[in-house]
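Residue numbers (this note's numbering), protein chains in the order written: chain A, 1 to 311; chain B, 1 to 284.
Because the hints were derived from the structure by calculation, they are not lab data.
Check each hint, because a few of them may be wrong.
The list that follows gives simulated cross-link-like pairs (lysine-lysine, DSBU-like), each with its CA atoms no further than 30 Å apart [as the list claims (entries may be wrong)]:
#: 1; chain 1: A; residue 1: Lys154; chain 2: A; residue 2: Lys246
#: 2; chain 1: A; residue 1: Lys208; chain 2: B; residue 2: Lys42
#: 3; chain 1: A; residue 1: Lys282; chain 2: A; residue 2: Lys174
#: 4; chain 1: A; residue 1: Lys246; chain 2: A; residue 2: Lys260
#: 5; chain 1: A; residue 1: Lys203; chain 2: A; residue 2: Lys246
#: 6; chain 1: A; residue 1: Lys260; chain 2: A; residue 2: Lys203
#: 7; chain 1: A; residue 1: Lys251; chain 2: A; residue 2: Lys172
#: 8; chain 1: B; residue 1: Lys173; chain 2: A; residue 2: Lys203
#: 9; chain 1: B; residue 1: Lys42; chain 2: A; residue 2: Lys246
#: 10; chain 1: A; residue 1: Lys172; chain 2: B; residue 2: Lys42
#: 11; chain 1: A; residue 1: Lys154; chain 2: A; residue 2: Lys203
#: 12; chain 1: A; residue 1: Lys135; chain 2: A; residue 2: Lys174
#: 13; chain 1: A; residue 1: Lys248; chain 2: A; residue 2: Lys154
#: 14; chain 1: A; residue 1: Lys117; chain 2: A; residue 2: Lys174
#: 15; chain 1: A; residue 1: Lys248; chain 2: B; residue 2: Lys42
#: 16; chain 1: A; residue 1: Lys208; chain 2: B; residue 2: Lys226
#: 17; chain 1: A; residue 1: Lys208; chain 2: A; residue 2: Lys117
#: 18; chain 1: B; residue 1: Lys226; chain 2: A; residue 2: Lys154
#: 19; chain 1: A; residue 1: Lys260; chain 2: A; residue 2: Lys154
#: 20; chain 1: A; residue 1: Lys248; chain 2: A; residue 2: Lys260
#: 21; chain 1: A; residue 1: Lys203; chain 2: B; residue 2: Lys6
#: 22; chain 1: A; residue 1: Lys251; chain 2: A; residue 2: Lys203
#: 23; chain 1: A; residue 1: Lys135; chain 2: A; residue 2: Lys251
#: 24; chain 1: A; residue 1: Lys172; chain 2: A; residue 2: Lys203
#: 25; chain 1: A; residue 1: Lys172; chain 2: A; residue 2: Lys208
#: 26; chain 1: A; residue 1: Lys117; chain 2: A; residue 2: Lys172
#: 27; chain 1: A; residue 1: Lys172; chain 2: A; residue 2: Lys248
#: 28; chain 1: B; residue 1: Lys42; chain 2: A; residue 2: Lys117
#: 29; chain 1: B; residue 1: Lys226; chain 2: A; residue 2: Lys174
#: 30; chain 1: A; residue 1: Lys135; chain 2: A; residue 2: Lys117
Each chain, written out:
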Amino acid sequence: MIGTESQALNPKQILRHGFNPPTPPFAKGGKGGFGHWNLEFGNYLGFGIWRLGFLLFLLVVSMTMGCQRSKAGITVAGSTSVEPFAELLAEEYMIRHPGSHIYVQGGGSTAGIEAVKTHAAHIGMSSRSLMAEEKGLYAVTIARDAIAIIVHPKNPILDLSLSQIRQVFSGKIKNWSEVGGHSRPIVLVTREEGSGTREAFQKMVMEKEEISLESLVQDSNGAIRQVVAGDPNAIGYISLGLVNEKVKALKISGVEPNLKNIVYGRYRLVRPFLFVFNGSPKGEAHSFLEFVLSPEAQELLAREGLVTIRP
Amino acid sequence: MIMEIKERVIEKILLLIALSSISILALIAFFIFEEGLPLIWKIGPRAFILGGRWVPSQNSFGIFPMIVGSFWVTFGALLLGVPLGLACAVFLSEWTPPLAATLLRPTIQLLAAIPSVIYGFWGLIVLVPLVRNYLGGPGLSILSGSVILGFMILPTVISISEDSLKALPPSYKAGALALGATHWQTIWRVMIPAARSGIVASIILGMGRAIGETMAMIMILGNAVKMPASFLHSARTLTTNIGIEMGYASGDHRQALFATGVVLFFIIMLLNSSAIALSRRRVS
Chain A
1 MIGTESQALN PKQILRHGFN PPTPPFAKGG KGGFGHWNLE FGNYLGFGIW
51 RLGFLLFLLV VSMTMGCQRS KAGITVAGST SVEPFAELLA EEYMIRHPGS
101 HIYVQGGGST AGIEAVKTHA AHIGMSSRSL MAEEKGLYAV TIARDAIAII
151 VHPKNPILDL SLSQIRQVFS GKIKNWSEVG GHSRPIVLVT REEGSGTREA
201 FQKMVMEKEE ISLESLVQDS NGAIRQVVAG DPNAIGYISL GLVNEKVKAL
251 KISGVEPNLK NIVYGRYRLV RPFLFVFNGS PKGEAHSFLE FVLSPEAQEL
301 LAREGLVTIR P
Chain B
1 MIMEIKERVI EKILLLIALS SISILALIAF FIFEEGLPLI WKIGPRAFIL
51 GGRWVPSQNS FGIFPMIVGS FWVTFGALLL GVPLGLACAV FLSEWTPPLA
101 ATLLRPTIQL LAAIPSVIYG FWGLIVLVPL VRNYLGGPGL SILSGSVILG
151 FMILPTVISI SEDSLKALPP SYKAGALALG ATHWQTIWRV MIPAARSGIV
201 ASIILGMGRA IGETMAMIMI LGNAVKMPAS FLHSARTLTT NIGIEMGYAS
251 GDHRQALFAT GVVLFFIIML LNSSAIALSR RRVS
C-alpha cells in the first residue's frame, strides 16, 4: 500500500517542481525594462483577445452558414399543419433507410409551394389545394384532415348548418337562442392570423365573410379545445383528430363528422394535405413519397388522427 | 509580475464580456428596428399606431387596440399591486415582528421566482372560471389578467419601496415622533412623502414588468383584437400580439410584428429612463 502511494505521489511532485522554477529568468531585468515589456505584452494580449474573439465570431458564422447548405438529402418545406406529420414520417423513413437525410421545415403552404417552384425545396407541403397559377406543379394527396366545429358538451345544440356557422363566426348571430339554444351570449374562439387551420376555415366556412374581431384568439388546436371545454357558451374549430370527450363536435346540416362521412364526401369541412413536386418526383424524393403512401405509413397517419387516402 | 499579467488578462476578459452583453442589446435593437421600421414607413406611423383594425390577411395593421389593451391591463395591475405592495413594504420596514420578517421576505422573493407560465396556468384554471361564473363574459378578460399581473409586480413594488423607506435618515422619524405624531401619522405624513421618488420608481419598474409580461397574458387575456370596452372583455397587449402570431407570420405580417416590437421598445425605454431619473433624484 505504502509503495503504491508513493508511486502515485511521486510523478505529481516532479510535475509540481517542474512547473515552479525557483526564479523566472526575466525577473532580474530592471524595473523600467520590465514595465515596458509588460505594457507591450498587455497590448499584444489585448489585440490577441480581440483577434481571437473575431476569429471565434467568424467560426460561428461560417458554421451556421455551413449548416444551411445541407448535406446530400432532400428538403421538405411548407405548411405548419403538415409539418409535425411529415417530421414523424421522415423519422420513420430515416430509420428504414439509414444514411438518407430528410430535412423538414415549416413556413406555411404558400411559402412551401414557392420553394418547390424555385427548386429551394424538393417537396412542398400544403394544407390547401393548389391555386390556378400553381397548377403546373405535381401534387399528391398524402392524407386529409377534417375540421370539426366544437362546443361544450353541456350545450344543447347538436347540429348547425354551414350558413348558421358562418353567421355565428362573423358575429351576426350573437346569442345561442337564435340557433335554438339557451339564451346565452355566444363566445367565439378562433385561431390566430396566419394559421393554416384558420385559413382553411375561412375558405370553407366563412367564404367572403370576416371572422368577428371580437372572437377570442388561441394559438393552437389544444388551446382552443381547452377554452371550449371550460366555457359552456363557447364555440370553436379544431382538427377532427384532436376532438376528445371534453368537447362536442357538431353535426353540419345533419352530417356527423366521422370517417365514413368524410370518405364518402358527405362531411365537407375537409382539407387535403398535399406533397407538391416540381415535375414528377425523382430519386430520394420519389422513394420518400412511396414510403408515405405505403400502408404502414398511412396507418401511422391514421393513428395520429388524420383521414388516410386508403380507407 | 505574473500576477500583473494575470490581472490584465482578467481585466480584458471582463471588458470583453461586458461589451458582449451591451453589443447583444445593440444587435437586438438594430434588428428590431431594421425589420420593423420599413413597415411603419410603408403604412405611415399614424395609421400604424392609431389604426383600429388588425387583420393581417387583409393588410390592415393597426395596433391601437393593443396599445389600449396594454394600458388597461397595466392600469388594472397597478390598481391591485400598488396598494398591496406599498402596505407590505410599510409593514416590512416599520413593524415586522421577527417571525413575520423571516417568513415574509423569502415568500415575497419566491413570488418573484415563480415562472410566469405558472401564474398563467393558475389564472386559467382557477381565476378565469371564477370570473366567468360570477361576473359573466368569457372569463378570459382584462380583469383576470390584471389580477394575475398585480400579483406578479408585487415583488418589484415591495422590495424597492421597502429599500427607499429604509434609506430615509432616522432623524425624520425621530423628529416626527418627538413632535407628538403617532406612528401612523409619521408613516403617512412624513415617511411615505419623503420616500416618494423611490416608491414612484418602484411603481414604474412594476409597470415595465406588467407591460412586458407575455406568456401569462397569452393564456389569460383571450387575445381578441377588438378594442376592449370593459374589464370583462378580452384584450390583446402588444407583447401577446407578437407572441401569439409570430409562429406563422411572413412578409408584411412578420414585419408588422417587429414594428409592434419597436413601439414596445419605445414604451419600455420611456418607463425605464423615467424610473432611473427618479431614483437619481432620490440620491442627490
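Taking 30 Å as the top limit, are the C-alpha atoms of Lys172(A) and Lys203(A) close enough? Roughly 18 Å separates the two Cα atoms, so the pair holds.
Within a Cα-Cα threshold of 30 Å, do Lys226(B) and Lys174(A) meet the stated pairing? Given pair Lys226(B), Lys174(A) holds - Cα atoms ~15 Å apart, limit 30 Å.
Need the status of pair Lys42(B), Lys246(A): alpha-carbon distance at most 30 Å? Outside the cut-off at roughly 46 Å; violated.
Compare the distance between the alpha carbons of Lys135(A) and Lys174(A) with 30 Å, and conclude whether the hinted pair is satisfied. Cα-Cα ~40 Å, so violated.
Is Lys208(A) close enough to Lys226(B), meaning Cα to Cα at most 30 Å? Distance ~20 Å between Lys208(A) and Lys226(B) Cα, so the pair holds.
Regarding the pair Lys173(B) and Lys203(A), is the alpha-carbon distance no greater than 30 Å? Distance ~70 Å between Lys173(B) and Lys203(A) Cα, so the pair is violated.
Is Lys260(A) close enough to Lys154(A), meaning Cα to Cα at most 30 Å? At roughly 26 Å apart (the allowed maximum being 30 Å), Lys154(A) and Lys260(A) satisfy the hint.
Does the structure keep Lys154(A) and Lys246(A) at a Cα separation of 30 Å or less? OK: Lys154(A) and Lys246(A) at ~10 Å, within 30 Å.
Check the hint pairing Lys246(A) with Lys260(A) against an upper bound of 30 Å on the C-alpha distance. holds, 23 Å
Is Lys208(A) within 30 Å of Lys42(B), Cα to Cα? holds, 27 Å
Straight-line Cα separation of Lys282(A) and Lys174(A) no greater than 30 Å? Violated: Lys282(A) and Lys174(A) sit about 53 Å apart, past 30 Å.
Holds or violated: Lys248(A) and Lys154(A), Cα atoms, limit 30 Å. Roughly 9 Å between the alpha carbons, so the hint for Lys248(A) and Lys154(A) holds.
Of the hints listed earlier, those the structure fails to meet are numbers 3, 8, 9, 10, 12, 14, 15, 21, 23 and 26, in rising order.
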